[in-house]
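So you can see what is in the structure, the chains are spelled out below.
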Amino acid sequence: MRYLHWLIHGNSLAHRVCVLGICIGLVVLSCLFHGARGSERVQNILDGMFEQDAVTGMFWRVSAVEEDAVVVTRYQRVLRIQWLDGEAVASGDRLSFVVRRIPGAEEWVPDELRVHGKAGLKYAVSFVAVVWVFFSCVLHVRLDRENAGLQFSQGRRPCRTD
Amino acid sequence: MPDGLTHVVVGYIGGERWLQGGRLALFLLGCLLPDLFLRGGNFLLQGLARQDFLEFYLTPLHTPLTVLVLCVGLAQLFGNGQRKAAFYALYAGCLAHFILDFFQRTISGPGFTPLVFEGYQWLYPLSWWDAQVGLYWPEHTPLALAALIPWAGWIRLRRQKGQVENPDDSDGNEGAEGERL
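Top to bottom, those sequences are chains Y and E. Going by our numbering, the first residue of the first sequence is number 1, and it counts up by one from there. Going by our numbering, the first residue of the second sequence is number 1, and it counts up by one from there.
Just so you know, these hints were derived from the structure itself, not from any lab. A portion of the hints provided could be inaccurate.
Chain Y stretches covered by chain E per the calculated footprint, using a threshold of three residues with CB under 8 Å from any CB of chain E [to be verified]:
hint, region
1, 25-33
2, 64-76
3, 101-112
4, 117-131
5, 148-154
Chain E is nowhere near these chain Y residues, computed Cβ spacing over 10 Å in every case [stated by the list, open to error]:
hint, residue
6, M1
7, D47
8, D53
9, T56
10, F59
11, C137
12, L139
13, H140
14, V141
For every residue, glycine included, the Cβ atom is placed at its ideal position computed from N, Cα and C.
Full structure from sequences and hints, please.
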């Protein structure tokens, strides 16, 4: 109990390092559990979908565009989807879909399709945001050696002698 | 999910009224944190044979409970007296990020998502449950920036004008608002 109280209310550098270590540990555990369990779940869910001849997929990558079909890949699976309406799609685009397979046919027939385009634009736009936030933090957050930690500016307080 | 700039601009529009200086900077960092870890990690994994499966190891970095622990950890980098405020600013930004993501649309449509392995899993690690409102597609958000950036600019100009016309009042507000968190 004493240790727990120290962990919650402590202010020393040792306390902070300890809390930081615990947080990193918890996050790593959370990631490892999700990684192991998530891979297993996705395999099971995809197996079920393929058995039922109906697949819903989000953000699968277009690996090839043929005359009347597109080939999409994700989770080491390949789907060949019929492409009838002539909507613009290029290799590398991300595609979401609801498709079903007619027994005996090689291609999957789309019930719903959505072309998301390439992820490059989003990465480029996001890079601008990262730069903005980085400079914002550089302007307002600084290292305070006395406190052995970072400090941020709080804005100027009004002074009675002003 | 919406792109990073949309998250930051919406965070700025929503947070600028309440937060100043360092708190606003940390709030904006919070708006970006979930994507910074998840998308940044995905970017590094590009080209690996089992990339789609390795991404599952990064997915918790975009869930509210894991990010809460992450923000507690990041707040420990701040000195005494500011740690709590830093945590609140960072996590408030993360929550703003999640709210924006919650309104996004996917192929599954609004409501409960049966594709739990590809959704946001809002309650992970307690549950794999996922839900969405479904107002806009992810590729629409860069277009929304055409309206959001001028809006943020107008807010910024209005504040600067207010500070020039009444500097004492604006400084007073800064101090008062600085203590809200």
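- Task: State the violated hints by number, sorted upward, taking the hints as numbered earlier in the document.
- Result: Failing hints, ascending: 3, 9, 10, 11, 12, 13, 14.
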